[in-house]
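Chains as they are written, first to last, in our numbering: chain A, 1 to 144; chain B, 1 to 160.
Rather than coming from a laboratory, the hints here were simulated on the basis of the structure.
Treat the numbers as computed from the prediction; the structure is a model and nothing was measured.
Heads up, the beta-carbon is just placed ideally off N, CA and C, and yes, glycines get one too.
The reader is advised that the hints may include incorrect statements.
Said to hold, decoys possible - Covered stretches of chain A (in silico footprint by chain B; criterion: 3 or more residues with CB under 8 Å from a CB of chain B, positions within the stretch not fixed):
(1) 9-16
(2) 60-72
(3) 89-95
(4) 99-109
(5) 115-126
(6) 130-136
Spelled out from the first residue to the last, the chains are:
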Amino acid sequence: MTSPREITGRCLCGAVTVRATVTDPIVRACHCDMCRQHTSSMFMSLATDPGSERIEGPAKSYRSSDWAERGFCDVCGSTLWYGTTNDGARHLAAGLFEDAAGAPLKLEFFADLCPQGYALAGEHKRLSTKETLEAFGVSEDDDA
Amino acid sequence: MNATTTERTASGACLCGTVRFVARGVPEKFAACHCEMCRRWTGSALLDLDVPVENVEWSGEEHIRTFQSSDWAERAWCDRCGSNLWFRMTQDNEWSGSYGIPLGLFDDASGFEMSTEIFIDQKPDSFAYAGTGRAVLTRAECVAKFPALDDATSQGSDVT
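Pulled out of the complex, with its shape left as it was, chain A reads as follows (with noise of 0.2 Å):
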């Protein structure tokens, strides 16, 4: 375990800074229809340290269920964050900083779910919908 360091992403036309500590941070992709239909593909976000995250900019948020939201720029577009509404945890998206911040992919969410014209590659663990709810404590009757 290495010590929290800083690191500082922008959205594309650069109107939001996102910043966060991270403490060997890992990339994680979930690819559940409703990341798939924000983000053309799968919503990849970084593991930053809970609560470190600092966004400024005209970000703006969508409900998106019961107990998510997710947020973008308001000037350009850009996926900004999945959040969760019960925590206030905001998961900020991986392709917000440089290089990803170095984090390596570790984790796939709704792997079963990944249409079949392209997959990550990668030994890494892949969840797939029924081990995804599961490790979240969810029915499979609630919508993903």
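Given chain A, work out where chain B should sit, using these hints.
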């Protein structure tokens, strides 16, 4: 750019369903762009299919916003949910006349094949796609085809 003999008619929508489209002549192949602009815009890479502008009917236009992201191209999104809607050349050149529509918007995103990856050397290691056999272009190779890219896409200078 990727027109094939198996083009189809397909529909799609943004995450919140406010903006919808029906497109004719949809190719079966899509490209992935790893340039800095696409990376920042989508959170990873832009996966899109080129469809001629005249073949696409959009609805919910009042919620479509566009941003001129360079001297030659614009990007559109839904102003309710933030879904990426298109990349489009606004300059008259050999790539103009089509929408690059994000694969993820299609109601059925399966059955398409990744044919090309561009700006491959700008891709973070964690955004690597599996498989081989597709065309792969570096930033320098893209700039050689379209020199204006040299000014608008950095080679990576952020402080992380």
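**Request:** Three residues minimum, CB to CB under 8 Å: does the segment 115-126 of chain A make the cut for coverage by chain B? Let me know.
**Result:** holds (count 8)
**Request:** Closer than 8 Å, Cβ to Cβ, for at least three residues: run that test on the segment 130-136 of chain A against chain B and report holds or violated.
**Result:** The restraint on the segment 130-136 of chain A is violated, since only 0 of its residues have a Cβ under 8 Å from chain B and three are required.
**Message:** Quick check: do three or more residues in the segment 60-72 of chain A have a beta carbon closer than 8 Å to a beta carbon of chain B?
**Reply:** Our answer is that it holds, as 6 residues pass the Cβ test (under 8 Å) against chain B, meeting three.
**Asked** Within the segment 9-16 of chain A, is the number of residues with a Cβ closer than 8 Å to a Cβ of chain B three or more?
**Response** n = 5 at 8 Å, threshold three: holds.
**Item:** Coverage claim, chain B over the segment 89-95 of chain A, checked by counting residues with Cβ within 8 Å (three needed)
**Value:** holds (count 3)
**Prompt:** In terms of beta carbon proximity below 8 Å, does the segment 99-109 of chain A have 3 or more residues touching chain B?
**Reply:** holds (count 7)
The structure does not agree with numbered hint 6 stated previously, though it agrees with all others.
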